[in-house]
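**Q** Residue numbers (the working numbering), protein chains in the order written: chain L, 1 to 294; chain X, 295 to 569.
Calculated directly from the structure, the hints in this document are not laboratory data.
Here the structure is a predicted model, which is why all the values come from computation and not from measurement.
Glycine is no exception: its CB is placed at the ideal position from the N, C-alpha and C atoms.
Take these hints with a grain of salt, some might be off.
DEER-style ranges, computed between Cβ atoms [what the hints assert, rightly or not]:
(1) X:Leu461 <-> L:Glu47: 56 to 66 angstroms
(2) L:Gly242 <-> X:Arg330: 27 to 37 angstroms
(3) X:Arg343 <-> L:Pro58: 30 to 40 angstroms
Here is how the chains run, residue by residue.
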Amino acid sequence: MKKRIRHGTYMMLPAMIFAIAMIVVPLVYVCVLSLHKWNGSIKVPMEFVGLQNFIKLPTIVGFGDMIKFTFIFAFSVTILTVLIALVIAFALDKPAYRCHVNRSLLRACWYIPALFGAVAVGVVWRIMYNYNNGVINSILTMLGLPKVNWLETRGVTGVAVIIAQVWVQMGMCIIIFLAGLQSVPHELYEAATIDGASRWQQRVKIAIPMLAPSITINFITTSIAAFKCYELPYTISKGLPGYSTHLVTQMIQEYAFEGLNYGVSSALSVLLIVIITIIQLIQLVVLRRREDVY
Amino acid sequence: MKKKILHFLYEAVLLIATLIILLPIFYFAISAFKLREDILFYPLKMTARMFTLDNFVVAYSKMKFFEAMSNTAFITFGSLIITVVFSSMAGFAMARVAARRFTLSYSFMVTLMVVPFIGCVVPLVVIMNRIGLYNSLWSCLLIQAGWNLPFATFLYTGFMKSLPKELEEAAVIDGCSLFGTYFRIFLPLQVPVTATCCIRCGIGVWNDYLVSASFLNSSKSPTLMVSVKKFFGQYVNEYGQSFAAVVMCSIPIVVLFLFLQKYFIKGIAAGAVKG
Numbered sequence: 001m002k003k004r005i006r007h008g009t010y011m012m013l014p015a016m017i018f019a020i021a022m023i024v025v026p027l028v029y030v031c032v033l034s035l036h037k038w039n040g041s042i043k044v045p046m047e048f049v050g051l052q053n054f055i056k057l058p059t060i061v062g063f064g065d066m067i068k069f070t071f072i073f074a075f076s077v078t079i080l081t082v083l084i085a086l087v088i089a090f091a092l093d094k095p096a097y098r099c100h101v102n103r104s105l106l107r108a109c110w111y112i113p114a115l116f117g118a119v120a121v122g123v124v125w126r127i128m129y130n131y132n133n134g135v136i137n138s139i140l141t142m143l144g145l146p147k148v149n150w151l152e153t154r155g156v157t158g159v160a161v162i163i164a165q166v167w168v169q170m171g172m173c174i175i176i177f178l179a180g181l182q183s184v185p186h187e188l189y190e191a192a193t194i195d196g197a198s199r200w201q202q203r204v205k206i207a208i209p210m211l212a213p214s215i216t217i218n219f220i221t222t223s224i225a226a227f228k229c230y231e232l233p234y235t236i237s238k239g240l241p242g243y244s245t246h247l248v249t250q251m252i253q254e255y256a257f258e259g260l261n262y263g264v265s266s267a268l269s270v271l272l273i274v275i276i277t278i279i280q281l282i283q284l285v286v287l288r289r290r291e292d293v294y
Numbered sequence: 295m296k297k298k299i300l301h302f303l304y305e306a307v308l309l310i311a312t313l314i315i316l317l318p319i320f321y322f323a324i325s326a327f328k329l330r331e332d333i334l335f336y337p338l339k340m341t342a343r344m345f346t347l348d349n350f351v352v353a354y355s356k357m358k359f360f361e362a363m364s365n366t367a368f369i370t371f372g373s374l375i376i377t378v379v380f381s382s383m384a385g386f387a388m389a390r391v392a393a394r395r396f397t398l399s400y401s402f403m404v405t406l407m408v409v410p411f412i413g414c415v416v417p418l419v420v421i422m423n424r425i426g427l428y429n430s431l432w433s434c435l436l437i438q439a440g441w442n443l444p445f446a447t448f449l450y451t452g453f454m455k456s457l458p459k460e461l462e463e464a465a466v467i468d469g470c471s472l473f474g475t476y477f478r479i480f481l482p483l484q485v486p487v488t489a490t491c492c493i494r495c496g497i498g499v500w501n502d503y504l505v506s507a508s509f510l511n512s513s514k515s516p517t518l519m520v521s522v523k524k525f526f527g528q529y530v531n532e533y534g535q536s537f538a539a540v541v542m543c544s545i546p547i548v549v550l551f552l553f554l555q556k557y558f559i560k561g562i563a564a565g566a567v568k569g
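Bound conformation, chain L alone:
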C-alpha cells in the first residue's frame, strides 16, 4: 500500500510541478510586483513602494469609468447569457410533440458561434457595427429605422460589446443546460402529467429545480469568462469612446506593455484576481444554498 502511494505520487508530480511553475509562481510574483515600482528593464532595479500602487489606483486616468464598465459588462453578460441560454435550452430540448426541424442540427447551429476565436469574432463584429458601411445599420435602414453610431456613442458602444460577448458565450451555456435537462428523470414529468400539470408548470416546478447545479455552473463559468475577457471587447471598441468601454484586463495590458509601468499593472492584476475570487465565493455560497432548499 505504501509503495502504491509512492508510485502514485511519482505519477502526479510532473503535472503538479508544471502547474505550480506556470500558475502559482506567477501568481505569487504578481503580488510581489504589485508592491514595487518597476519599468520591466533588467538593468533598473525594482524599488519597493509598499501599498502605494494600490493607493494610487483610484487616481489613474479612467479608473472610475473602467471599474464601472467592467462590472456592468460582467453582470449584464452573465445574466443575459444564462437567461437566454435557459430559454433556448428548453426550446431545444426534446419536445413532447412531433417536431418538424431536426433538433440536433439546431443545437449544433447554436454552438457554432463559440467555435471562432475571440479576435476573429471581434473583427467581424467591428465591421458589422461600422456606421456607414456596416451590415447592422443597413438592416436598420432597410427596416426604416434610423442608423445608430454603434462604435462612437457613449453607452451604445457598451451595449454593442455586450451583445457580441453574449453571442459568443451562449452556445456553451446552452449545451450545459441541455446536458442538465437530459439528466432529469423522465418519471417526474410523467407523474406531473398524470397529476394534470401543464407543460409550463412542469418546467417551473420540475425542470428548473432539477437544473440547479447547471445554473450554478453556468453562472460561475460565464461570470469568470466575462471578467477575464479581453480580446473581444478590445477588438470591437478598443476601449473607446473615452474610457467608457475599458475593461480591467485592457488596462492591465496597457499599463504593462504601453506604459511600461509594471507596478500599476500588477496592482490591477491583483485587483482582478481578488474580484474574481470574491464573486466566485459569493456565487457558490448563494447558489449552493438555493440548491439545498429544493
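Chain X: place on chain L using the hints.
**A** Chain X in isolation, oriented as in the chain L frame:
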C-alpha cells in the same frame, strides 16, 4: 387543432431565432467571396456574379498565412502532448489511489482553474525574459500546456473515478504495480476522454490571441489570431480580405466540429455535470 398551430408557431419562432444567431456567420462567410462594392451594396445577397477568390489570395500572402498556421499548429500540438501525458497520469493517481495527499492535490488543481491568465501575463513575461525563452515559440507552448493542465486533470480525474473498481483489482492481486495497471489497463480505456480533452483545450490554444501576442514578436513568428488582428489593423477598409482571413483561420476548427460534434458536446458538458 389549436395545439398544432401553437406548436407550429413555436417551431417557427425557434427557427427564426436560430437564423438570427447564424446571420453574422452567414454574412462574413459569403462576404469573404465578394468584392468590396458588393459587400457594401448587397450585404446579404450572394449571386454567382459576385463570386471571387481574390480576397483569399491577397489575405493568404499578406498575413503570412502558411507561416502563421504552422506556428499555431506547432504550439497547439506540442502543448496538447504535454497536457495530455501529464494530466492523464495525474488524473489516474488522483482518482485511483486512496490517500489524503491526492484529494488535497485534486482540490488544489481545481482551484487553479479559476485564476485568470491575464492577471499573470506581466510576471510570466518577466520570467520568460529571465530564462531566455521570450520571443520563442517554446514559451507559448509551455504556457499553454501549463494553463490547460488544471482543466485537463479535472477531466481525467472525473473520468477515472467513473470506471468500476473491479477493473484493477485482479491486476493488483496478481502483483501488478501501479505503473503496470496504468499502462496495461487504463491507458487503452482513455481514448474518449483524451479526444474530449484535446478538442476542448485544442480549440482554446488554436484560437488564442493573448498568449501569442504577449510572448511573440508578431512579425517574426506570427500565430493565426495575431496575424488576423494585425492584418485587420493595417487594412481596416478591406472588409472582404479580413473576412477571408477569418474564414481561413476558422476552417480547421469548424470542420473538426462538424465531424466530431459528439466529443465537443461531451467536453463542454463534462466540466458541468460533475462540477
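**Q** Of the numbered hints stated previously, which ones are contradicted by the structure, given in increasing order?
**A** Those not satisfied come down to hint 3.
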